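*Asks:* Spelled out, the chains give:
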Amino acid sequence: MKDKEYIENLIARSLNGNCTSEEILKLRAWIDESLDNRNEYLALKDIWDTTRVQKDCSEEQLSLFYQKQIEKITRSRTRWIKYSSAIAAILVAGLFISTLIFPKSEIRSAGFQIYTVPLGSRSSVVLADGTEVCLNSGSELKYSSDFSANDRVVYLSGEGFFHVKSDQKHPFIVKAPDFEVKVTGTQFNVCTYSDNKFSSAALAEGHIQLKMNGMKDFFEVNPGEKFKLDRVTQKYIIEAADIESELAWKDGEFIFKKIPFPDLVQRLERWYDVKLNYSGKDLQNFSFTGRFKNQETIWQVLDALKLISPIDYKKTTFREFTIIYKPLKME
Amino acid sequence: MNEFDKLFRNYHRRLFLYTLKFIDNESDALDIVQNVFIAIWENGKYLQNEGLVQAYLFNAVKNSCFNYLKHQKIVRKYEQDSILLNEMELIYYQSGEKSLIETESLKQITDAINSLPLIYSEVVSLSRIDGLKNHEIAEKLNISIRTVETRIYRALSALKEKISQKSFFILLNMSGVRK
Numbered sequence: 001m002k003d004k005e006y007i008e009n010l011i012a013r014s015l016n017g018n019c020t021s022e023e024i025l026k027l028r029a030w031i032d033e034s035l036d037n038r039n040e041y042l043a044l045k046d047i048w049d050t051t052r053v054q055k056d057c058s059e060e061q062l063s064l065f066y067q068k069q070i071e072k073i074t075r076s077r078t079r080w081i082k083y084s085s086a087i088a089a090i091l092v093a094g095l096f097i098s099t100l101i102f103p104k105s106e107i108r109s110a111g112f113q114i115y116t117v118p119l120g121s122r123s124s125v126v127l128a129d130g131t132e133v134c135l136n137s138g139s140e141l142k143y144s145s146d147f148s149a150n151d152r153v154v155y156l157s158g159e160g161f162f163h164v165k166s167d168q169k170h171p172f173i174v175k176a177p178d179f180e181v182k183v184t185g186t187q188f189n190v191c192t193y194s195d196n197k198f199s200s201a202a203l204a205e206g207h208i209q210l211k212m213n214g215m216k217d218f219f220e221v222n223p224g225e226k227f228k229l230d231r232v233t234q235k236y237i238i239e240a241a242d243i244e245s246e247l248a249w250k251d252g253e254f255i256f257k258k259i260p261f262p263d264l265v266q267r268l269e270r271w272y273d274v275k276l277n278y279s280g281k282d283l284q285n286f287s288f289t290g291r292f293k294n295q296e297t298i299w300q301v302l303d304a305l306k307l308i309s310p311i312d313y314k315k316t317t318f319r320e321f322t323i324i325y326k327p328l329k330m331e
Numbered sequence: 001m002n003e004f005d006k007l008f009r010n011y012h013r014r015l016f017l018y019t020l021k022f023i024d025n026e027s028d029a030l031d032i033v034q035n036v037f038i039a040i041w042e043n044g045k046y047l048q049n050e051g052l053v054q055a056y057l058f059n060a061v062k063n064s065c066f067n068y069l070k071h072q073k074i075v076r077k078y079e080q081d082s083i084l085l086n087e088m089e090l091i092y093y094q095s096g097e098k099s100l101i102e103t104e105s106l107k108q109i110t111d112a113i114n115s116l117p118l119i120y121s122e123v124v125s126l127s128r129i130d131g132l133k134n135h136e137i138a139e140k141l142n143i144s145i146r147t148v149e150t151r152i153y154r155a156l157s158a159l160k161e162k163i164s165q166k167s168f169f170i171l172l173n174m175s176g177v178r179k
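Chains A and B, in that order, are what the protein sequence lines are. The working numbering puts the first residue of the first sequence at 1, with every later residue one more than the last. The working numbering puts the first residue of the second sequence at 1, with every later residue one more than the last.
Please keep in mind that the hints were generated in silico from the structure rather than gathered at the bench. Note that the structure is predicted; figures quoted are calculated from it, not measured. One or more of the hints may lead you astray.
[To be verified] With a straight-line Cα cutoff of 27 Å, these simulated DSS-like cross-link-like pairs (lysine-lysine) come out:
id	chain 1	residue 1	chain 2	residue 2
1	B	K45	A	K68
2	A	K55	B	K107
3	B	K77	A	K55
4	A	K26	B	K6
5	A	K275	A	K314
6	B	K133	A	K4
7	A	K55	B	K140
8	A	K45	B	K162
9	B	K162	A	K55
10	A	K250	A	K228
11	B	K107	A	K45
12	A	K306	B	K45
13	A	K281	A	K314
14	A	K326	A	K55
15	B	K133	A	K55
16	B	K73	A	K26
17	A	K4	B	K162
18	A	K45	B	K98
19	B	K6	B	K70
20	B	K6	A	K281
21	A	K211	A	K142
With these hints in hand, go ahead and build the complete structure from the sequences.
*Replies:* Below, the structure is given as structure tokens:
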């Protein structure tokens with residue numbers, strides 16, 4: 001009986017006192033004596049643990065949680081890139097396959113030949129003069145049936161990468177809605193989606209001449225530079241460009257560097273042929289950097305974005321998502 | 001509104017309390033719980049049905065605690081015995097046994113403590129609310145440490161009795177269902 005009392009006190013001491021290691025060994029010996037002893041001890045300790053009144057710090061911890069997620073973006077962009085390419089390494093699917101299934105459609109009409117590429121797909125064409133054109137999702141390339149090595153004019157809406165067959169005597173001309181590009185032999189990218197605020201032309205190699213609609217004079221763009229036109233104000237600049245990311249799309253990669261959220265949304269919508277809704281101004285202030293191999297599903301891309309920025313998303317209907325801004329709570 | 005936030009708010013406190021069963025360091029315990037939430041956020045498992053999520057969370061905490069204790073055994077050699085005791089307890093729960101923290105509403109348990117005779121509820125709340133150790137309670141109440149220990153033991157036995165009487169259980173489970 002004395003023994004039992006001793007054990008009872010020992011249990012209470014172990015729960016809320018200072019046991020010497022000798023006492024712990026004694027307690028342990030008693031626990032190991034029988035399953036009943038063990039269960040008794042564990043049941044009492046469980047009740048004891050349950051009664052602990054802890055200041056509820058879940059709100060602070062939730063803020064801390066989001067803070068940590070945000071830190072991940074700023075701490076290391078490279079890790080973010082690694083992360084997305086890791087996904088890419090695992091997955092083989094997506095766009096490449098859809099390109100095979102839905103090839104560009106070719107229409108002949110009124111003396112024009114038209115190539116269209118559906119959203120969520122990419123395609124390439126070799127023209128009669130040997131020029132190669134890669135067309136990005138949702139683009140259209142049109143040229144006269146008379147197109148030949150001597151008369152090289154094409155019309156583009158959307159985005160296309162041109163690898164023009166060199167011919168000094170017969171310039172190759174790309175007519176975009178707002179401007180035209182004249183080249184003799186070079187590699188360049190033209191981006192002129194009608195729903196984009198900006199149109200652009202970026203040069204990888206050689207040199208190009210560029211003329212705005214309604215203007216007489218051509219001006220030159222050098223390799224590594226990009227002509228960027230604000231379609232609303234019709235103001236343009238020529239700036240140094242990151243050609244690698246400008247051209248990544250043609251190799252099935254999706255690279256973006258410090259692009260604002262609305263631009264990212266627009267590019268994703270086109271890339272994946274989905275609709276992404278969002279509201280509020282908060283999101284517009286975020287800029288994003290990342291790299292996808294384009295074999296991820298839209299879900300994976302959104303999950304990745306969710307991980308690095310204060311957003312959440314919900315699928316609303318078929319091919320439609322809503323992105324929600326989920327701010328840090330500062331309490 | 002947001003699934004993840006809801007989950008975090010529902011479970012954080014419990015998981016923290018649960019972690020403290022095995023780990024006496026509060027800030028390490030908070031880290032463990034944070035990391036479990038990060039994992040469930042990253043792997044998207046939080047979107048599954050609540051029963052699965054709850055089991056996942058508690059298991060993840062247990063596994064983290066297990067690794068933590070394993071590490072502590074190496075770092076804190078001189079406290080081997082109490083770590084081994086914690087480990088024994090943890091293994092018991094890893095075998096599928098459930099703690100009251102996992103199964104019951106915490107408020108009901110505090111209510112049950114308050115229904116105990118004052119001399120018992122007093123020592124419990126001095127420890128559990130005011131954070132006093134046995135010798136501090138003894139000083140405060142001007143009784144011996146042995147008496148404090150005896151009262152704590154009796155208080156716990158009485159609570160255990162109530163729980164095994166099932167009425168307590170049914171009460172708790174009903175509030176669990178309503179939730």
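*Asks:* Just pull the numbers of the violated hints for me, sorted ascending.
*Replies:* 3, 4, 19
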